Amino acid sequence: MPEVDPVVQQVVARHGGDPSHLLQILIEVQEVFGYLPAPSLTAVARELAVPRSRVEGVAGFYSFLYPAPIGRYRILFSDNITDQMLGSRALLEALCRKLWVEPGKPSEDGLVSIDTTSCTGLCDQGPAVLVNGRAITRLDYRRVNEIAELVRKAVPLDRWPAAFFQIEDNVRRRDALLGPTFQPGSALAAALKLGPAGWLEQMRLSGLRGRGGAGFTTHVKWKSCRDAAGPDKVVVCNADEGEPGTFKDRVLLASHAERVFEGMALAAYATGARTGLVYLRGEYRFLLEPLRALLDRMRGDGLLGRSILGEKGFDFDIDIHLGAGAYVCGEETALLESLEGKRGTPRIRPPFPVTRGYLGRPTVVNNVETLAKTTLISLGGGAAFAATGTAQSTGTKLLSISGDCALPGIYEYPFGVTIERVLEDCGAGDAQLVQVGGASGVTIAGYEFQRRIAFEDVPTAGAFMVFDSGRDPFDIARNFVHFFAHESCGFCTPCRVGTALLKGYMDKLALGRGAKVDLADIEWVDRLLRNASHCGLGSSAANPVVDTLIKFRPSYERRLKSLEFEPAFDLDAALADARRITGRDDPAAHLDGGRGR
Amino acid sequence: MTKQFLFDGQPVEFEDGQTILEAARAAGHYIPHLCWHPDFPPHGSCKLCIVKAGGRHVSSCALPAREGMEVESNTPEMNAERRALLQMLFVEGNHFCPSCEKSGNCQLQALAYELEMATARFNHFFPDRPVDASHPDVLLDFNRCIFCELCVRASRDVDGKSVFALTDRGIHKHLVVNAESGRLGDTDFSVDDRAANICPVGVILRKRVGFALPIGSRKYDGAAISVVAMKEGE
Ligand SMILES: Cc1cc2nc3c(=O)[nH]c(=O)nc-3n(C[C@H](O)[C@H](O)[C@H](O)COP(=O)(O)O)c2cc1C
Ligand code: SF4
Ligand code: SF4
Ligand code: FES
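Chains W and D supply the protein sequences, listed in that same order.
With the first letter of the first sequence counted as 1, position 591 gets the number 590 in numbering that gives the first Met the number 0; the numbers rise by one all the way through.
With the first letter of the second sequence counted as 1, position 90 gets the number 89 in numbering that gives the first Met the number 0; the numbers rise by one all the way through.
If we strip away everything but chain W, and leave its shape as in the complex, we get:
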């Protein structure tokens, strides 16, 4: 292992000794050592002149940072319900057996560790794993055998078969955004002709609403930022895409990134921002180099940098920060904290980012797809954009479709499309339910398939997971509950404790030890999550359970052992030790008087 101090000094110097780059620095230090040894945290603190406690706080927050030793090969199985349905758990066990390791524990020789991770955004080509941060798709037993061999022989990742790392776009339906070819620079040129105010007016006419989930009207956000006091405004592209079952931003960044970056420049033109930041989820690390290369090309073409397209005073450039495995960092204020190199804890609002965002500067945070869509508005005008979709949900929406269907992938539809139509197109003949909007979204039962994808009916950030009649709604909800418990940032009481309690109840039910009072407790915890949580993670963590309890209650009741109270453990079995010690096995030494034996 290389010496700690010189490595840390080099990495810190690369980041100009800027403490707001702490997360990026830790990611890069870890790339050298494989984990973050205690002395490396001390060294980072010293070099940045920040307290060590702060560094330890950040290092412990992110799933992909390891303050304790971990395998030289870190293998993480994507654990979304869609991966599980494709057999990921059995594949994980098979790999563990082959490599003689237990899930979650590094092997004794430090060669390998195997564990699960939250959805990696490859649901259309799962089961997926990350090996030292690199995504491998379409896992099957053959691939598991090959991986075991490569690990055992300690073959460097660069020499693993290229086919492992192949990632498909799987675009199945193209409309306004994915259809036409895009001429880089054309959208910016069109906006420059209108001037900042004229361009913002087109945005207003378009009615564009955010594609990241909340559906906030984009031009209002841009205008508030423009009007906010402060010269150093910022445009942030939210590429955290952590919602289970969502992968459309991955495809946009892989094949349409010119539009996304040009959209950021369009936001800068409207607001007067000079700094652009992309927050790219760690799971999409493989996109980092291609995206950086594209930024370089855009600088060369005069689309970024000083005097963009020759317009004096229009200066704007973009940098990319990596996330490190934390779903909550998709929440815009947690994202800003993370961009500042802190723990991803959502802020108190107000103030909102448009007035006090990144480093206290007025900041626009927009989703990848939202930004890409602005190029359409610039090119075709706001009115034309508003002519498709519905009155309250203009334009098209990208859906990431996975689960029980013949043709998983990306589908672009005008807003207002019915769920039934989508199911038909993706070849889902036997759908029992659809989870729209991911784990935090809505569970749609068969009798609701006439409903429409739109902010005013069934809103979605893009996830569309199909479950056929063989699937159990309880299992689906339980998977999501585990996801939220794992991803809770732990800041506020209701979510930190509530998601952990909920996980306990669902596990108790799964073991067949539930009682009717447990359902009442679940409903009570759900209510606290909804009402008292600090951010959207906690308040929507209850959704899958609430929805399935209403729409698929038999799936829960089937699991109840009794309708009265039932302890989480087997009382009689718990007495076995006492019986052994006292040498008794008479009827009176058993709870039921020995009848059950």
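Wrong hints could be hidden among the right ones.
Distance condition first, Cα-Cα at most 20 Å in a straight line; then the derived DMTMM-like pairs of lysine to aspartate or glutamate [unchecked claim]:
1. D:K230 x D:D220
2. D:K160 x W:E46
3. W:K341 x D:D156
4. W:K515 x W:E556
5. D:K2 x D:E76
6. W:K97 x W:D108
7. W:K502 x W:D525
8. W:K560 x W:D456
9. W:K104 x D:D167
10. W:K502 x D:E115
11. W:K341 x D:D167
12. W:K515 x W:D569
13. W:K502 x W:E556
14. W:K104 x W:E92
15. W:K222 x W:E200
16. D:K51 x W:D525
17. D:K160 x D:D136
18. D:K51 x D:E71
Reference listing, derived: stretches of chain W covered by chain D, where coverage requires no fewer than 3 residues with Cβ under 8 Å from a Cβ of chain D [unchecked claim]:
19. 36-42
20. 168-178
21. 491-505
It should be emphasised that the hints constitute simulated quantities derived from the structure, not laboratory data.
From a predicted model like this one, the values you see are computed outputs, not experimental measurements.
Built from N, CA and C at the ideal position, the CB exists for glycine as well.
Given chain W, work out where chain D with the ligands should sit, using these hints.
Just chain D with the ligands now, kept in the frame of chain W:
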């Protein structure tokens, strides 16, 4: 002209920028709180201070009051939710009050009495983090932390030391100290620090004074926290 909002049906005056909790207190109304402290900016983590404003749940310690707002606070509904939040805090840590030297001076315990929390309701998590007795004057029992971050904020912003921080996340979140060894004795922490005297529960404890004041004559033994807190301005 002064601005007003309605607090449990009664008019309360406020100045621009004042939070609901601050304005209510100034008018003599107590709102339960754990992570809020008059000497620090709002933190917003414990959620004990939740109220309904215009039908929506909000954190009263963090939300600026607005003209004409209708706030519900001391209602059976809000108190039931606060009680459940207390129960969550109780099961999350190890709060065996009879054997805790903070008993009687503890805000968590006092609020449990105030809100008539009779049982813990939920399953206990029983965390198992070793006590840190490495410092000559102060003991840390990590298993009672409610993550209000008052020690973190006091040490960072008042003492200028950043002795404390939180690490990990979710239910695994825990307190750490500013030393590679992880031991309080290896930090520059002093018993006279503001951070040494701010923990609302029994995590940061002075050595050798534990039972100097007998149980029965302690801070919240004689009067409810709603009375003490208003009288002593905390
Ligand atoms: C827990 C949580 C996770 C989120 N994750 C994302 C995400 O991964 N990507 C995203 O664009 N928005 C995400 N959001 C929504 C953002 O907070 C924010 O509303 C959005 O980025 C704004 O962009 P838009 O207006 O273009 O949609 C998340 C929100 C919450 C509460
Ligand atoms: S709701 Fe959950 S994720 Fe959001 S702040 Fe609270 S603990 Fe963190
Ligand atoms: S140790 Fe005490 S003051 Fe510090 S966060 Fe925990 S409960 Fe709050
Ligand atoms: S007092 Fe308001 S959240 Fe703790």
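Each hint tested on the structure:
Only pairs whose Cα atoms come within 20 Å are accepted, and K230 of chain D paired with D220 of chain D is accepted, the gap being roughly 15 Å. For the given pair, K160 of chain D sits about 17 Å from E46 of chain W by alpha-carbon distance, which is consistent with the 20 Å threshold. At most 20 Å may separate the alpha-carbon atoms for a hinted pair to count; K341 of chain W and D156 of chain D meet this at roughly 17 Å. Distance restraint check for K515 of chain W and E556 of chain W: the Cα-Cα separation of roughly 8 Å lies within the 20 Å cut-off, and the hinted pair is therefore satisfied.
With a C-alpha separation of about 27 Å, the suggested pair K2 of chain D and E76 of chain D falls outside the 20 Å cut-off, and the hint is violated. For the suggested pair K97 of chain W and D108 of chain W, the alpha carbons sit about 15 Å apart, so the restraint of at most 20 Å is met. The suggested pairing of K502 of chain W with D525 of chain W holds, with an alpha-carbon distance near 12 Å, which does not exceed 20 Å. Restraint check for K560 of chain W and D456 of chain W: not satisfied, since their Cα atoms lie roughly 37 Å apart, outside the 20 Å limit.
Annotation: proposed proximity of K104 of chain W to D167 of chain D holds, straight-line Cα distance about 18 Å (limit 20 Å). A hinted pair counts as satisfied when its Cα atoms are at most 20 Å apart, and K502 of chain W with E115 of chain D does not qualify at roughly 27 Å. With a C-alpha separation of about 12 Å, the suggested pairing of K341 of chain W with D167 of chain D holds against the 20 Å cut-off. Only pairs whose Cα atoms come within 20 Å are accepted, and K515 of chain W paired with D569 of chain W is accepted, the gap being roughly 17 Å.
Restraint check for K502 of chain W and E556 of chain W: the C-alpha separation of about 17 Å stays at or below 20 Å, so the hint holds. Restraint check for K104 of chain W and E92 of chain W: satisfied, since their Cα atoms lie roughly 13 Å apart, inside the 20 Å limit. Under the criterion of a C-alpha separation no larger than 20 Å, the hint pairing K222 of chain W with E200 of chain W is consistent with the structure, at around 10 Å. Between K51 of chain D and D525 of chain W the CA atoms are separated by roughly 18 Å; this keeps the pair inside 20 Å, and the hint holds.
Straight-line distance between C-alpha atoms of K160 of chain D and D136 of chain D comes to about 17 Å, which keeps the hinted pair within the 20 Å bound. As the CA atoms of K51 of chain D and E71 of chain D are separated by approximately 5 Å, the hinted pair is consistent with the 20 Å bound. Using a Cβ-Cβ cut-off of 8 Å, 4 residues of the stretch 36-42 of chain W lie near chain D, which meets the minimum of three, so the contact claim holds. Proximity of the stretch 168-178 of chain W to chain D, defined as three or more residues with a beta carbon under 8 Å from a beta carbon of that chain, is not established by the 0 residues found.
Figure legend: the stretch 491-505 of chain W, annotated as covered by chain D; annotation consistent (10 residues with Cβ-Cβ distances under 8 Å, at least 3 required).
The structure fails to meet hints 5, 8, 10 and 20 from the earlier list, while all remaining hints are met.
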